[in-house]
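Novice: Below, each chain spelled out in residue letters.
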Amino acid sequence: MHGVVNWAVHFFMLDEGPLIWLSDFLIICASLGIVGVLTKFRLWKWLWDEWLTTVDHKKIGIMYMIAAILMLFRGGTDGLLMRAQLAWPNMHFLSADHYDQIFTTHGTIMILFMAMPAIIGFFNVAVPLQIGCRDVAFPYLNAISFWLFFFAAMLFNLSFVVGGSPDGGWTSYPPYVENQFDPGPGENYYLVALSISGIGTIATGINFLVTILRMRAPGMTFMRMPMFTWSVFVTSVIILFAFPVLTVALGLLLIDRDFGSHFFTVDGGGAPMQYVNLFWFWGHPEVYIVILPIFGLMSEVISTFSHKRIFGYSAMVVSMVAIAILSFVTWVHHFFTMGAGPGVNSFFGVSTMAIAIPTGVKVFNWIFTMHKGRLEFKSAMLWSLGVIPNFLIGGLTGVMLAVPPADYQYHNSYFLIAHFHYTLIGGTVFGVFSGLYYWWPKMFGVLLNEKLGRWHFWTFMIGFNICFFPQFFLGFMGMTRRMYTYPAGYGWGVVNLISTIGAFLMGVGFIIFVYNVLWSARYGERDTTGDPWDGRTLEWATTSPAPHYNFAIIPTVKGRDAWWLMKQSGEPINGPKDVPFRPIHMPNNSGRPFIMSVFFFLMGAGFVFQWWILAIIGFVGVLICMAQRSFEYDDSHYIPVEEIEKTEAAAGRL
Amino acid sequence: MSNASTAVHGDHHPVDPNVPLEYHEEENSLRIIGFWLFLGQDMILFSSLFATYIVMHGRVAGGPTSQQLFDVTGFTIETIALLFSSFTCGLATYEMRRGHRNAVIGWILVTLALGLVFLGFEVSEFIHDVGLGATLQRSGFLSAFYILVGTHGSHVTVGVLWVMLLIFQLLRRGITPVTARKVFLWSIYWHFLDAVWIFIFTVVYLTGKVI
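Line by line, the protein sequences give chains A and B.
Note that the working numbering gives residue 492 to position 492 of the first sequence, counting from 1, and the numbers run on in steps of one.
Note that the working numbering gives residue 148 to position 148 of the second sequence, counting from 1, and the numbers run on in steps of one.
These are computed hints drawn from the structure, not numbers from a lab.
Be aware that one or more of the hints could be misleading.
Chain A stretches covered by chain B per the calculated footprint, using a threshold of three residues with CB under 8 Å from any CB of chain B [what the hints assert, rightly or not]: (1) 73–85; (2) 200–210; (3) 254–266; (4) 623–635.
Label pairs and their computed distance ranges (CB to CB) [to be verified]: (5) P20/B / W46/A: 14 to 22 Å; (6) R214/A / S154/B: 28 to 36 Å; (7) L213/A / V158/B: 46 to 54 Å.
Chain B is faced by these chain A residues, among others (derived, beta-carbon under 10 Å) [unchecked claim]: (8) L392; (9) G395; (10) H585.
Just so you know, these numbers come straight off a predicted model, no measurement behind them.
Where is the CB? At the ideal position from N, CA and C, for every residue including glycine.
Start from the sequences, fold in the hints, and give me the full structure.
Specialist: So, in structure tokens, the structure goes:
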């Protein structure tokens, strides 16, 4: 009995102190709260019918966005804990162990469970509407992608209170993370959760490639596609080529840890650097996966709020394709210090710098799009404009880092930290907020408050610069990343304190955003037109939120900025009056993607704790779900004409 | 196919008699493209495993080398079985296009049998090697060998299980655009595994016997 209690106390980490107790308490409160609300308002059936079983891209997109915002909160809390710890020399607010775990989960969550779902959420929210079709190519697979991501994120977050978080950094380099040096379930959580969500991401890449290749509305040639759709197309290609490599890297490391093989160990003929190569062969394209769609949506936002077509459309497309190709030949710049020799390092230095050229083309095109435009500084526009200078700082410091001899100086210092936060926050997070303000009416039928939006933007933007700009100097002063505390007397104290103040200001910005969401849900202006910004692309041609079938009649596209052209020529979205509606073929909802992902979760937990019976149960469950799907022939239905007429009449489009 | 609009997947086009049955419905044709892309990502996955194997080939840590371990008779029989199964799989597709259900099932069963012969020899090779102390845990080379060849083998196993489900569906429903699409997808998967095996045969076994 005593042994069991000891095991449980250790397993649930109750011997780890108040941070864990507080988390346990909050998790229990939140879970009870959710269950209570769902039960009290009898929402369980609604939750299952409308959300958990949905295959509608619009709802899946919303679920992705909600998950991304929750994960931004979790990752942001990790960040604030780190900044609190580093605010002053010789702090012992966090122990070294806890600090290691927190910077690991911060990085992993922010990249894979915040940036990725936010990006993929926008894929879902916008792409089918922009190209004028009724869902993605494989709606059922789309639901699987989401639920795999969701349960992988749950599994990963569970590590904080069950068994211990990973502590090998978000890159998880062997040999340090091999069992010999880092036993316990922590790193397994990382490997398993990323593998599961990676499967979902690959499926998303395939799904959107086929959607964009084959399901564009008649008349929408490739060179008439909205810029965001172009960016999704290019990004999906990168996903397809990059993510399998991550799967292999993680899988081999997991086999090392679970089954004692010698891929990346120091003994037994292992080659740790092989992991590093595989990881960054995915990892560098990955940063373009999270920035290219932002470039795409910025092009939409800047063009919409300048009331001008995008400047240099073809150059924009060519530069995105160029970035995608170059992204696969730069990975070694993450480890110039490996010592591959001057030839190799020079090649990767030059290829890295070359990316600045197409990126520069894009920046100039955004600026020229605004030139002589009728500018409207809505919140969405502010966030997109914020990307330009901030991402520029990130990009230019990236070119500095790309010079191999100089990189030996900057490598793994706070200069690097500041650099990639300028690209990932100043680029991706700003862009995500821009997209949220821009597409919020399309997602929810409500506009976010502009005044709160401006407060959100300025607090976050200023806080961000106060937080990260000083870190360039900390890097020059010799502070390296991942150190949990530092002695007094290096002159780092005040600079770190300033940085911490900035971080908390970003936290305030986030709270303003959350308040804005809540305020707008209750009091926000309703979007009755479906086109609140005088938009240019087809998603603004339908109601907000769009009906289940998106378009009663698929529009015919006559040029770039299809909806803008239709408005100019006074053409209604449902075509000439005499075109009759026809029944619309739509996929059925299915609970199987959810259930199958639960089995994936169980299998993952089995691999984390090496509970093989659980792993086998999960695996067999997954196989049964797949076999069942193979025998499912009746998986779609028709929306009758009367229902379409009713919906269209309510939208005033008859 | 009813006359109603197949709107999710674009408008309905008249069927061209020269187009094979599995492409007849828009949705099936989308799935075929999607599956090609899936095979594309699988190719990247195998490429990463091949790259890792090539890096690890010499890292034997004092254990058995590829020259000592590989058994020419075994891997030759495996190769012949799998290459022939690709041929019989092609015959199944040929009969499917001609609408002969029972011939399709017959050739699938032959393919299945050849696949099982392949798997049997692979498993017995692995058991034999492990008996000699050449385990996954012995060296970096053996880890890479088992995982590369084993990943291919588990793909073949999935192919075997998958086509068993398809036989039931063919028996129950005959050759329809949907079952034709399913058999077609399985067949390109099977040919893909054959192509991967040719690389394993060359890079792992033949090269490994020489250097």
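Novice: None of the hints should be skipped; say for each whether it holds.
Specialist: Status of each hint after checking the structure:
1. 73–85: violated (count 0)
2. 200–210: Coverage by chain B holds for the segment 200–210 of chain A (6 residues, Cβ < 8 Å).
3. 254–266: holds (count 8)
4. 623–635: Result for this restraint: holds, n = 5.
5. P20/B / W46/A: 14 to 22 Å: Violated, since P20/B and W46/A (Cβ atoms, about 44 Å apart) do not stay within the stated range.
6. R214/A / S154/B: 28 to 36 Å: Because 31 Å falls inside the window, the suggested range holds.
7. L213/A / V158/B: 46 to 54 Å: violated, 26 Å
8. L392: violated, 33 Å
9. G395: Cβ of G395/A sits 28 Å from chain B, so the hint is violated.
10. H585: Holds, because the Cβ-Cβ distance from H585/A to chain B comes to roughly 5 Å (cut-off 10 Å).
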